Amino acid sequence: MKQSDVARRRFLQGSAAVAAGASLGVLGPWADALAAAANMKILSRDEVATILVVARRTYPHDRLADKFYMGVVSALDEKAATDGETAKMLSHGVARINRALGKPFKDATAEQQLAVLKGMTKDSFFQAVRGTSVTALYNNKELWPLFGYEGSSYEFGGYLHRGFNDLSWLPDPPESASPKPE
Amino acid sequence: MPTYDRNDASVVVVIGSGAGGGTLANELCQKGVKVVLLEAGKRHTIDDFVNDEWPAFGQTAWLDKRTTSGTWRVSRDFSGLPAWICKTVGGSTVHWAGASLRFQEHEFRVRTEYGDIKGATLLDWPITLKDLEPYYARAEDKMGVTRTHGIPGLPGNNNFKVMHAGAMKLGYKKVHTGRMAINSRPRDGRAACQQIGFCFQGCKMGAKWSTLYSDIPKAEATGRLDLRPESQALQIQHDASGKVSGVLYADRDGNQHVQKARVVCVAGNSIETPRLLLNSASSQFPDGLANSSGQVGRNYMRHMTGSVYATFEKPVNMHRGTTMAGIISDESINKPSRGFVGGYEMETLSLGLPFMAAFLDPGAWGPQFTSAMDAYNHMAGMWLVGEDMPQESNAVTLHATEKDQYGLPVPNVYFDDHPNDIAMRQHAYQQGSAVYEAVGATRTIRTPPYPSTHNLGTCRMSAEAKDGVCNKWGQTHDIGNLFISDGSQFTTGGAENPTLTIVALAIRQADYVAGELGKGTL
Numbered sequence: 001m002k003q004s005d006v007a008r009r010r011f012l013q014g015s016a017a018v019a020a021g022a023s024l025g026v027l028g029p030w031a032d033a034l035a036a037a038a039n040m041k042i043l044s045r046d047e048v049a050t051i052l053v054v055a056r057r058t059y060p061h062d063r064l065a066d067k068f069y070m071g072v073v074s075a076l077d078e079k080a081a082t083d084g085e086t087a088k089m090l091s092h093g094v095a096r097i098n099r100a101l102g103k104p105f106k107d108a109t110a111e112q113q114l115a116v117l118k119g120m121t122k123d124s125f126f127q128a129v130r131g132t133s134v135t136a137l138y139n140n141k142e143l144w145p146l147f148g149y150e151g152s153s154y155e156f157g158g159y160l161h162r163g164f165n166d167l168s169w170l171p172d173p174p175e176s177a178s179p180k181p182e
Numbered sequence: 001m002p003t004y005d006r007n008d009a010s011v012v013v014v015i016g017s018g019a020g021g022g023t024l025a026n027e028l029c030q031k032g033v034k035v036v037l038l039e040a041g042k043r044h045t046i047d048d049f050v051n052d053e054w055p056a057f058g059q060t061a062w063l064d065k066r067t068t069s070g071t072w073r074v075s076r077d078f079s080g081l082p083a084w085i086c087k088t089v090g091g092s093t094v095h096w097a098g099a100s101l102r103f104q105e106h107e108f109r110v111r112t113e114y115g116d117i118k119g120a121t122l123l124d125w126p127i128t129l130k131d132l133e134p135y136y137a138r139a140e141d142k143m144g145v146t147r148t149h150g151i152p153g154l155p156g157n158n159n160f161k162v163m164h165a166g167a168m169k170l171g172y173k174k175v176h177t178g179r180m181a182i183n184s185r186p187r188d189g190r191a192a193c194q195q196i197g198f199c200f201q202g203c204k205m206g207a208k209w210s211t212l213y214s215d216i217p218k219a220e221a222t223g224r225l226d227l228r229p230e231s232q233a234l235q236i237q238h239d240a241s242g243k244v245s246g247v248l249y250a251d252r253d254g255n256q257h258v259q260k261a262r263v264v265c266v267a268g269n270s271i272e273t274p275r276l277l278l279n280s281a282s283s284q285f286p287d288g289l290a291n292s293s294g295q296v297g298r299n300y301m302r303h304m305t306g307s308v309y310a311t312f313e314k315p316v317n318m319h320r321g322t323t324m325a326g327i328i329s330d331e332s333i334n335k336p337s338r339g340f341v342g343g344y345e346m347e348t349l350s351l352g353l354p355f356m357a358a359f360l361d362p363g364a365w366g367p368q369f370t371s372a373m374d375a376y377n378h379m380a381g382m383w384l385v386g387e388d389m390p391q392e393s394n395a396v397t398l399h400a401t402e403k404d405q406y407g408l409p410v411p412n413v414y415f416d417d418h419p420n421d422i423a424m425r426q427h428a429y430q431q432g433s434a435v436y437e438a439v440g441a442t443r444t445i446r447t448p449p450y451p452s453t454h455n456l457g458t459c460r461m462s463a464e465a466k467d468g469v470c471n472k473w474g475q476t477h478d479i480g481n482l483f484i485s486d487g488s489q490f491t492t493g494g495a496e497n498p499t500l501t502i503v504a505l506a507i508r509q510a511d512y513v514a515g516e517l518g519k520g521t522l
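Sequences listed follow chains P and D, in order.
Per the working numbering, the first sequence starts with residue 1, numbered consecutively.
Per the working numbering, the second sequence starts with residue 1, numbered consecutively.
You may find that some hints are simply not true.
Unchecked claim - Straight-line Cα separation of at most 27 Å, DSSO-like style, residue types lysine-lysine; simulated pairs: (1) 218/D with 34/D; (2) 31/D with 519/D; (3) 42/D with 243/D; (4) 218/D with 79/P; (5) 31/D with 260/D; (6) 122/P with 103/P; (7) 180/P with 174/D; (8) 466/D with 118/D; (9) 31/D with 122/P; (10) 31/D with 472/D; (11) 141/P with 314/D; (12) 472/D with 130/D; (13) 243/D with 260/D; (14) 173/D with 180/P; (15) 180/P with 169/D; (16) 169/D with 335/D; (17) 519/D with 218/D; (18) 519/D with 130/D; (19) 42/D with 260/D; (20) 243/D with 466/D; (21) 314/D with 180/P.
Keep in mind the hints are simulated off the structure, nothing from the lab.
These figures come from a predicted structure and were not determined experimentally.
So that you can see chain P by itself, here it is in the shape it has in the complex (with noise of 0.2 Å):
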């Protein structure tokens, strides 16, 4: 545990100092220095980078934070180090976009990754990544308040009074179609 917090913390650092790179388009840096920081079971320095620049593509939110691509590659990291088959893929994929552009996919620009990405996307690997970053990405807790979902609301007795019927940039239905709260 005290590694991975020495490890978020580094790479939360190194992700600043790239920040500029990342924004201008030119992930490869952004995803090296993440890599080089990071506490992966199985996966390979170059099998972090390559899958982190694969998910930022695939699912691009300016405003989502580093660690939250990188929970990306940590719950492939998990079945890797548990499944040889997908250990294999993941290998075999990283290797495969790697060759499609005859230099390291995560230093190409986003156009080339875009082009890559775009032509395998029944690719095991890809589908992979893809899949995982549907759950590992919106299926995190922590990541709900950026994009206004509140999550659980019982324990806070529901929304009656707090908000359900709030909106006020329209006209409110009468009465008739929608009754007053009890």
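Chain P is already provided as a structure; the job is to place chain D on it using the hints.
Below, chain D alone, put in the same frame as chain P:
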């Protein structure tokens, strides 16, 4: 609670504890009938429910192996999950949204009303709206449906405000917060809705009607219900005379038992019900039970569905409050000049962020997708649900090679949209988008069908034995003491959410079964 002897052949065995089976079991117990209720899933309490989409899905969804085929998009996006229904005491009444609409008069006689539609196996129901009206009234009272029996409507949430304002601009008239089996005030020992927003995950207030905490405890209070959770029915057995005699089931430890029965009522939802009949084939009934017509598993319907989500400049926060918060019914008419027969309802719908990611456009990725997700709290949404055409080739069949944990063939669900379904969906997408564009939508998104929640028609009612599986009481044409007690009975689907009709049919069937038992004819 009694425990009936497994050799007690005087009991009625009901298979499945959802809207059909849970209601039927209670109604029979109230009339003095001894009932064994077999339920494949676990018994949860309201305290178990979680306001968290994926864990809740794992808790109650039916996740046993199923396969799909056909050209429907669900088969591509969710090949192992044709339906989003439940394996738990209470069945899909734990998960349902609560919309409780009666069929319209013409929807019981669509073969007459619509005529001969190429490729569709349309049939008139052997009952009319008039036959069912008293039972609809009893069902609405039992379930506490708003806007019936003097029960006020629910207050509309933000998602409904957007729908209502857009509907008014389009000139729609039948727009309100719906007829919902969700308490707008405390009733029948159940609390009022607190607008929690997790209707699909099991209502933490118990405000939404479910057999889990309504009919089943009432049945238990009679002292006549023997509920056996985690008991998966494997085969319905029969005697030499061709009458059913008992049910083979596996308990939670996998041990197999036979419960003898005087009558067997099957309510496993429209995939498991025909599967059980087909898996019960014997030398006397080589094609499965009650299948002399060859119609068991056929005419599978799932309603024409789709969703429209729209993003706006200002916040909506659609996740706050009831999931299905309001309805537009103006398109729920038969008006063939629109390019299709039958009609559809437009009902608000909301998904949390995790499920929105999975269902908004399954498989989609890239900036187009993420920019929509970025607008999550500025989004409004509606579900489109309409009558689909029964087709003989749309069917639940037994898989040739895949087996379940008991070694029985898993069900395969084959589905193709009928051209009428496609034309209706196109129209519904267009009208749904227009509702939102009328109030300033910056973008509208047409979401494809989710795994089916309305599974219907696979053991349909028919006047003639050759056209279907059961008669107007749900009694199978072939076997007098075998009943179909769920949405599988539906001859056609109507435009309306089916639960109220399933409950009304179950109350009516209970009257019939108890009456026949009293007369000694069963």
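To see whether the hints hold, each was checked on the structure:
no.	hint	result
1	218/D with 34/D	14 Å, holds
2	31/D with 519/D	14 Å, holds
3	42/D with 243/D	30 Å, violated
4	218/D with 79/P	46 Å, violated
5	31/D with 260/D	21 Å, holds
6	122/P with 103/P	22 Å, holds
7	180/P with 174/D	19 Å, holds
8	466/D with 118/D	20 Å, holds
9	31/D with 122/P	58 Å, violated
10	31/D with 472/D	21 Å, holds
11	141/P with 314/D	24 Å, holds
12	472/D with 130/D	13 Å, holds
13	243/D with 260/D	12 Å, holds
14	173/D with 180/P	20 Å, holds
15	180/P with 169/D	22 Å, holds
16	169/D with 335/D	21 Å, holds
17	519/D with 218/D	26 Å, holds
18	519/D with 130/D	26 Å, holds
19	42/D with 260/D	22 Å, holds
20	243/D with 466/D	19 Å, holds
21	314/D with 180/P	23 Å, holds
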